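Protein sequence lines, in the order shown, are assigned to chains A and B.
For the first sequence, our numbering gives the first residue as 2, with consecutive numbering after it.
For the second sequence, our numbering gives the first residue as -3, with consecutive numbering after it.
Where hints are given, some of them may not hold.
[Said to hold, decoys possible] Listed next, the in silico EDC-like pairs over lysine to aspartate or glutamate satisfying Cα-Cα at most 20 Å (straight line):
1. Lys428(A) <-> Glu415(A)
2. Lys783(A) <-> Glu97(B)
3. Lys64(B) <-> Glu772(A)
4. Lys871(A) <-> Glu11(B)
5. Lys872(A) <-> Glu11(B)
6. Lys826(A) <-> Asp646(A)
7. Lys871(A) <-> Glu97(B)
It should be emphasised that the hints constitute simulated quantities derived from the structure, not laboratory data.
Quick caveat, the model's predicted, so the values are computed rather than measured.
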Amino acid sequence: MKIRGLSLKTKMATVVSVLFLFIFAAGAVMFESTFEEHFKKAIAEQQYEFVSNTVRDIDTQVREAHKILISVSKLIPVNDLNDYFAMQKHLERIVQTRFFMKTFFDDGILLYSTTGRVIGEVPYSPERYGKDFSHREYFQYTARTKAPYISKPFHSVKPPYDPIVVFTAPVFNKKQEFVAMLGGAVSLTKDTTLGNIANIRVGKTGYMYLYNADRTMIVHPDKERILRSDVPPGANRLFDKSINEWFEGSGETVTSIGLHVIGTFKRFQNTDWILAASYPVREAYAPIIKARWYMVGYTALGIFLSILIILIVMRRNLSPLSDLASQAETIGRGERQLESVRVATGGEIGALAFSFNEMLKRLRDRETSLKKTLEELQKLYNAVEHSSAVVIITDTHGNIEYVNPKFVQVTGYEKSEVLGGTPSILKSGETLSETYKELWDTIQSGEEWQGIFHNKKKNGEFYWASASISPLKDTKDAITHFVGIQEDITAIKLFEQELQKAKEAAESANQAKSDFLAGMSHEIRTPMNAIIGMSELMMETPLNDEQKRYVETLMHAGENLLNIINDILDISKIEAGYLELESTEFNLQELLDRSCDIVAIRAREKGIALACNVLSDVPVHLVGDPGRLRQVILNLLGNAIKFTDSGEVAVEVSKEASDRTTLLFSIRDTGIGIPEDKVGRIFEKFMQADSSTTRKYGGTGLGLTISKRLVELMGGKIWVTSLEGVGSTFYFTADFQLQKEKQEKEPAGVATMSEGEMSRPLRILLVDDSEDNRLLVRSFLKKMPYVIDTADNGLAAVERYKASTYDLILMDIQMPVMDGHTATKQIRDWERSNEREPTPVLALTAYALPEEIRKGYDAGCNGHLTKPFKKNDLLNAITAFGKKTSFHKEDGKNKE
Amino acid sequence: MDDTSLIITIDKDLEDLIPGYIENRRRDIASIEAALRKNDFETIRVLGHSMKGSGGGYGFDKITEIGKRIEEAAKVMETGEINRQIAALSEYLSNINIVYE
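Construct all of the structure, not just a fragment, from the sequences and the given hints.
As structure tokens, then:
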């Protein structure tokens, strides 16, 4: 969570901490200084109080002691002053009970004569007794003033020569004359009232000392310094002040030995003594220092705790924010998808996270749509870049802004050469200027323009371009650019030209051919007619069998040839536009019957049923071209029979809708049918459904074409519906006129199947493994003129069939060795490979399932009879198949 | 089962064949029983099938029906049904009275 170097948390913590630091420190400093001031003042006051009390105590004692001395001086028996011995006794006696006095004046109580000689001393000491001390200033003072006095300090003459002061009191006689002087010596070093001052401690290291206005030290803890005047002026400020200005009180100063102390000074009332206390600052102010450290410590602790609490509080409150920020940052750096961030808190930060997630969602959506748009754009860009067409984009003035690589490839100009220029660089001068004008007019009016340019490449080569130029408009419908898409159609143009030439050549060639053939028509037909006619005449003449067969062959071949020639000539004539239709009266019923008669023979040969029917409401007395109509019908019928191996062929004529003179002819068969992909093309020239068809069925492939043309000439059309393997139905319509006299219609008869004669016994092959059945069938047919052979399985049947000829096979299906289906298949195969006409096979089956029956037909069976069968069933079935087969055997030979 | 129900009318042309046909059926019964012992249901099926195909032709519709049942039963190897049918056939053959016309 780095934000400009420092984290928000750190920043806030720092700011708050500094603030705390200041407040604490300021408070601490203020408190400390106040405390210090008060403390110092208190110490000073306390010390002064202490010193003052001490002075008062000592002063009281000194005064008391001096008073006692003075009072004792009055007890001195002045009459015995000259009796030194008596005086000694007197003094001892007087002092003896005065304990305070003895204690106070610890260095001795002395009685001086007016000459200054010691005349009494308690306790006695040889060093002073009897000695003259008239030179002493205290003696001189009292002798002169006759007043009590406290001496300056000096060294005693008595060992150990302690420093002492001497209190004096004059002794007067009754006349108030100075007669003697009483003195009390006080040791300054002993632990007596004065000497004890040196033992008083101020605090631990502070001490007291006593000095007089002469700067002479009277009592001092450092006994060496007693009687010295070793504090020179200026060494100790307050010391000087106490002497010079009578200063009493406390203050900080530096002693003569350089010690920083709180000095307190107080004067005695009765003497020029000054009591001072020196309390080293180091000790006196130690509590302040301590307090200061405590203060600093507490402040520091306070700050530390504050920071800690702030950090904890902030951490608790800001961690979701930092979490959010870090997640946001990873998203920002792209290390993370635009996934929603997870923040486990409510409040403002939760709301922030929610808003952030909302923003992310919108961002994601926008990114997705942007990506999509980009992909779309890329796709479009790729499409344009890799387009097989030349793409040019210009601004509204026609200045080129973009060309695609195809442009470079086609024109030979580099992008850099054309960008900023105009497409007029491609002008060859071959394109009309009107074209350009029209182009500009069109596109500037906001329309798309399409046309063809004859342009020039960089290398000077010309090329054809099919161009489409359209304006691009912005949302306000203002034109912003033009997009030109050009396709190099030079190859197509050239090809077109070639094609045109070729077409013209072909057309003229075809015309020439048709002209030629049409012209040849007469020339070819004349000799053919002669050949056929002569053959016919020859047949009339007596001929032996061999000759007869030759002539028949000749006639047959001649007719075939003539048919082919006629087909070819017809189509030529039609194509050359020379064919014209007759318009004569004819009877439709007769025409149809005769046509059926012609093909009936072939139908019978193949075992196909043939039905010809004119519906009752069809007018039969018509005017038209009967020859051409018959040609169409025969052609379609012939085809139907040719391509049908079993089943039937039926012709039917009906009226096309309500129009009396437009008739609909349909020729339906159950033949091989036409493959779906060939249906559309069978009316084309030389087209048969399958090239193998030609081999199998023969023919020129012109029949349907001719039929189509003829039907069209008759004002109709021709079409076919077909299902491969099931059969085909050809339809055609034709317009006729009605004959004027014979409007009424003769009832149209149904052309029944042509009758055949049975001229010889049928040969039947009965195949069944069950002897019961064989016996049964034989019994059933006992009285019929049939020749019956039998086989007890499929294989035997096939063998027998190959060895002989039969008119009908009765085939059981389920048999051992070889079943009926297999046998039938093998028979059919054998027939095909030996070019035999198929022999009808009637399946005898105990399986009545349609599937089984179908299987039989698939195998090549022509019909089936379900076992067990009755006699009549069998006879009917044999008759039905037998009829067809009898023709085959009788007429087939003639036909071959 | 009364006698009139078993009077079968048959074409006179077939008169010569009938004894043989009935004999063949008795032989079938024996064959089926033998095949049953060997679990040779295919043989049974074929025998049933040919009974079915021939019976009606001779005029014995009942034989066609029995043959059909035997064939069906053989296909699913129902021994019990086959036994029932050959018993029925046996009884039928023993009880029929044939009239030739």
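Tested hints:
1. Between the alpha carbons of Lys428(A) and Glu415(A) the distance comes to roughly 16 Å, so the proposed pair stays at or under 20 Å and holds.
2. Note on Lys783(A) and Glu97(B): the hinted pairing holds, with a Cα-Cα distance of about 16 Å set against a maximum of 20 Å.
3. A distance of roughly 18 Å separates the Cα atoms of Lys64(B) and Glu772(A); the hinted pair therefore holds under the 20 Å criterion.
4. For the given pair, Lys871(A) sits about 15 Å from Glu11(B) by alpha-carbon distance, which is consistent with the 20 Å threshold.
5. Restraint check for Lys872(A) and Glu11(B): the C-alpha separation of about 14 Å stays at or below 20 Å, so the hint holds.
6. Proposed proximity of Lys826(A) and Asp646(A) is supported: the alpha carbons are some 15 Å apart, at most 20 Å.
7. With a C-alpha separation of about 15 Å, the suggested pair Lys871(A) and Glu97(B) falls inside the 20 Å cut-off, and the hint holds.
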